[in-house]
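Engineer: Here is what each chain is made of, one letter per residue.
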Amino acid sequence: MKKIYGRWFVLVLLVLSILLPLNQGYCGALENFKGLEGTISIAGGTAHIPVMNDAAKNIMTFNPEVRITVEGGGTGIGVQKVGEGLVDIGNTGRALSPEEIEKYGLKSYPFALDGVATVVHPQNPVADLSAEQIRDIFAGKITNWKEVGGKDAAIHLFSRDEASGTREVFWKKLLDKGPVATSANIVPSNGAMKVAVAQDPEAIGYVSIGHVDESVKAVSLAGVAASQENALNGSYPVVRKLYMNTKGDPSGLVQAFIDYILSPDGAEIIKRHGYFSLQ
Amino acid sequence: MQTGRKYSFSSGQTMEKWVERALLVATVISAVAIVSILLLLVYFCLPLFTSGGLGEVFSWQWRPFGGRYGILPMCAGSLYLSLLALALAFPPAIGICFLAHCLAPPAVARFLITLIHFMTGIPTVIYGFVSVFLLVPRMRDWLEAGTGFTLLTAALTLSILILPTIALVFHARLERIDPNLRLASGAMGFTPIQQVRHVLFPAASQGLLTAAILGFGRAIGDTLISLMLAGNAPQFPASLFTSIRTLTAHIALVLATDSQSMAYQSVFASGLILFLLMGVINLFIRSFDRISKREVYEKHL
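Protein sequences, first through last, are from chains A and B. Each residue of the first sequence is one higher than the one before, counting from 940 in this note's numbering. Each residue of the second sequence is one higher than the one before, counting from 2 in this note's numbering.
Hints are computed from structural coordinates only; laboratory data are not their basis. Please note that a few of the clues may not be correct.
[Said to hold, decoys possible] Computed spacing ranges between beta-carbons, pair by pair:
(1) A:Glu-1071 - B:Pro-93: 22 to 32 Å
(2) A:Asp-1115 - B:Trp-143: 52 to 62 Å
(3) B:Arg-198 - A:Ser-1154: 28 to 38 Å
[Said to hold, decoys possible] So these bits of chain A aren't anywhere near chain B, every CB distance computed over 12 Å:
(4) Asn-997
(5) Leu-1052
(6) Glu-1071
(7) Ile-1094
Idealized CB from N, CA, C, for every residue including glycine.
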């Protein structure tokens, strides 16, 4: 008898543990912030910023006792800051390496799917490039736009810094770990990339799809548009997950923030900024 | 007289002693901080010396994903950018000083000095930001200078940044020159221009060097201007219109990478080079100051 009761007990616990978190997620994730107060500091990946900012705005409007600060810095900064305990949540645009997880004891929460799009100036007539062409352009083998069907003008290369998660996925999945010309200009954030490309009619660069707006033009990759739909159905290959990371288990307030991002409300925000929710 | 009696002689002395002690503590703290920064940098650079990575760091190729970690292009970039900015800023700064000191009417002189003081208060990021939107497109369209993020763009902006530093330092030196020199030369019938050329300029020549060195130090230490405007391409500055990366921008860009990598260690080598460079610059200024103390042209108060 005892044995049977024990089994029932385990089963009930199991069912509860599966149902309870789901339940929490569904009943208006903002409610979780009721009665909470304190600050949440967030830093890291620059692709995450629009989502983090909107979530922070909603939460702080709902409960003014909660203060949330969102900083950039890039994926590398995200890992370092959360690892050293300087911020509560460190955002990364790539999965953590085993060394990083071991060194700092980090916990990862993937929450969105993002693509990285090759972008050019809106007036640039080039609208489609093959992976081969993009590789050659970034390697410095193709240096004039007319070689890829554009006007007769030098190609201005823009790339990202060594610590960028955007650069990592672009380099791995599109450039096939090929070389990037040393003459390429290096910009330190998605925003700076957008400003640089939007100002320069001969520029080519790459940004997270969430950052693409009318100031730059996303080039389709061998006929496949760099849209979130194509990223989600797998036809556009240059994709990555966006992660939030905490050092060990998050505190109540930070957990509530993560739950909010992972809730249907959060998914709405994620979608609004051009990313896809993983939920 | 009443107020003078409030503190007795002995309590004034104790007070003085305490102030002295407090100042000593402050001095020791700052001295220890500087020395420990140097030691820390050397400590972090040690793996480079022991693992033989030193030759790798002092090479001309920066391809962190191809296993090349040379920072020499950045050293050259820093040097070229600072020298160019200094060359651009130095003549106008000196000109402004002489103008404000003796050539211009007092109202204009006051205005110039106020302007220079105001310029020191403008945050670096404002210069960088404005240049990105105003100077960079002009450089690209008018000079067809590549992307517009070039050595020249950064140097032009940087020269505006260091101009007030040079001007203020030199102006302070001019103020210290014995007014009798000017009075005497005026009495001998020198025109103001002649006074500047034949009296003030030679008398203030040490100040010229000090101002130049300080301006250079300010230029080489600046991070934001080069990070925002120089393009950050890790290559040798072959022309005014190439995109370059400075040591400071290099540190800012690479600091966020994986802390176990060789790229990360190169950051400490860059830091050490910058630190030593600034040290040498300071030593230069000190030795010049010592020489100038022997000169009779300046009044020491």
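Engineer: Confirm or reject: A:Leu-1052 is not an interface residue toward chain B, with every Cβ-Cβ distance exceeding 12 Å.
Structural biologist: Nearest chain B Cβ is 23 Å from A:Leu-1052, so the label holds.
Engineer: Is the nearest Cβ of chain B still more than 12 Å from the Cβ of A:Asn-997?
Structural biologist: Consistent with the label, A:Asn-997 stays out of reach of chain B, its closest Cβ about 29 Å off (over 12 Å).
Engineer: Honestly, do A:Glu-1071 and B:Pro-93 meet the 22 to 32 Å range at C-beta?
Structural biologist: Cβ of A:Glu-1071 to Cβ of B:Pro-93: about 51 Å, so the range 22 to 32 Å is violated.
Engineer: If we take the beta carbon of A:Glu-1071, is the closest beta carbon in chain B still more than 12 Å away?
Structural biologist: Holds: least Cβ distance 20 Å, greater than 12 Å.
Engineer: Can you tell me whether the CB distance of A:Asp-1115 to B:Trp-143 sits inside 52 to 62 Å?
Structural biologist: 38 Å, violated
Engineer: Verify the CB-CB distance for B:Arg-198 and A:Ser-1154 against the hinted window 28 to 38 Å.
Structural biologist: 54 Å, violated
Engineer: Would the non-interface assignment of A:Ile-1094 survive a Cβ cutoff of 12 Å against chain B?
Structural biologist: Violated: least Cβ distance 10 Å, not greater than 12 Å.
In this structure, the hints that do not hold are numbers 1, 2, 3, 7, in rising order.
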